[in-house]
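Participant: If you want the building blocks of each chain, they are given just below.
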Amino acid sequence: MSSIDTGGGDSVHKKGPGVKKAKKLSTRVDMTPMVDLGFLLITFFIFTTTMTTPTTLDLNMPKDIKDLKDQTEAKESGVLSIMLGKADQVYYYEGKLVVDATGNNFKSTTFKGIRDMIIKKKKEVMSRHVHDETCAKTQERAKAKGDPDWEKACDDRDFIVIIKPAADATYKNTVDILDEMTINQVRTYAMVKILPDEVALIKKTEETAGIK
Amino acid sequence: MPSVKLPRKSTDTDMTPFVDVAFLILSFFMLATKFKPPEPVEITTPGSVNSQKLPENNAVMIIVDSSNRVFFSVLSEKDKSKFDAIIQDVNSSQSLGLSNAEMANYRQTFAVGVPFGNLKQLLGLDTKSQEVLKVPGIPVLDSANNQLFWWVAAAKKAFAGEKLNYLIKGDAKSKYPTFEAVISALKRNDEFKYNLVTALDDVPNNSELDLYNRKNLK
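Protein chains in written order, with my numbering: chain A, 415 to 626; chain B, 1277 to 1494.
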């Protein structure tokens, strides 16, 4: 077998007089500068790298309809209107906005509370759902789209969320509420312009609650 | 008394495994790094649970920064001639009287954030000076003078026959009216499908989406 002569076999190779023994150089290399440079590069790449890859949220808006009779009508009992105000406040009411002497159905909450409200309302609307002949069509459409839950596709057809961000709402609020639609699997939702009555109510609520 | 001789240990440690790991990490970061494209403004996007990937080509990106300034940019790495088509269209529709050199400079301009009146000044500068220039953003809030409409119209013409994505990259702190004005500029161009750029958030535990994913994505 061959082996590398490490020069360690002095006992075998007897050197004659006058033959100078070559100075043994260490094979070890000082790695410190290389490691220094390595870590410098690591730090550089860690700082420059962007780990969070951006994702996208799809948003589909309807065409503006001029003619009132072309508008889709929604069942009042299945509608939840959500308004976004300043300081991450959320306001909502179910069905139609009722303001009379005894008070109103206009309530305020936060982003944490609105999720429970959406879930509650969705359950309530779904419990009232009655199957009829138009349901078969909806189910078939969902099946063709490849929805594994196509059998349930019709159950929440009356549940509609209307999102109305006020002028003080931030873009984050808007994205958050749209995200809430995905999280709670709300099939039908729309983003519309806020009404003056609602703006007034938000203002009043903000004044009494001292929200700036 | 005989003294106990402690064996002297070398203070040298073998650094090889350490160096191995360090270089492994280094190579990982070198390969995983994708340099950020230059951006005129820093944008902190809000989070969402959607995990859809961002289209990087054939897209119009509308940026809204934290002080509600609107920027318009076109992502078209493969076909740079689109930039020329867009700026020529804007030049003629707004009769800005840009020179050929200024129009050629549009290719290097990442995002435009000036009203039409200041466009000549912006394109007269090189990329470095453009970055430091304080820009007011494209005017959108006045619906009679929503200049973004013209930019989108120009892009739509330049990309006619191809799929064009509309990306809206808004800062979390920007206000809703600006976003609404951006949407209305797109709507007036008969475009109703947009992609909002977001960062990835976790799906909340036991929410309906979470249950749906667990059931169907096995």
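Quick caveat, the hints were computed from the structure, so don't treat them as lab data. Please note: incorrect hints may appear among the correct ones.
[As the list claims (entries may be wrong)] List of simulated lysine-lysine pairs, PhoX-like, C-alpha gap at most 20 Å: (1) B:Lys1491 <-> A:Lys500; (2) B:Lys1491 <-> A:Lys559; (3) A:Lys535 <-> A:Lys566.
[Said to hold, decoys possible] Short derived list, chain B residues pointing at chain A, Cβ under 10 Å: (4) Phe1299; (5) Ser1369; (6) Glu1438; (7) Asn1441.
From a predicted model like this one, the values you see are computed outputs, not experimental measurements. Just so you know, even glycine gets a beta-carbon here, dropped at the ideal spot from N, CA and C.
Participant: Are the Cα positions of Lys1491 (chain B) and Lys559 (chain A) separated by 20 Å at most?
Facilitator: 18 Å, holds
Participant: Is the Cα-Cα distance between Lys535 (chain A) and Lys566 (chain A) 20 Å or less?
Facilitator: 17 Å, holds
Participant: Check the hint pairing Lys1491 (chain B) with Lys500 (chain A) against an upper bound of 20 Å on the C-alpha distance.
Facilitator: 37 Å, violated
Participant: Can the hint on Phe1299 (chain B) be confirmed by a CB-to-CB distance to chain A that is less than 10 Å?
Facilitator: Holds. Min distance 6 Å.
Participant: Checking hints one by one. Is Asn1441 (chain B) an interface residue toward chain A, by the C-beta closer than 10 Å rule?
Facilitator: Holds - the Cβ of Asn1441 (chain B) comes within 10 Å of chain A, reaching about 9 Å at its closest.
Participant: Would you check whether Ser1369 (chain B) satisfies its interface hint, that is, whether its CB is within less than 10 Å of any CB in chain A?
Facilitator: 23 Å, violated
Participant: So, Glu1438 (chain B) near chain A? Judge it on the closest CB pair being under 10 Å.
Facilitator: 19 Å, violated
When held up to the earlier numbered hints, the structure conflicts with 1, 5 and 6 and fits the remainder.
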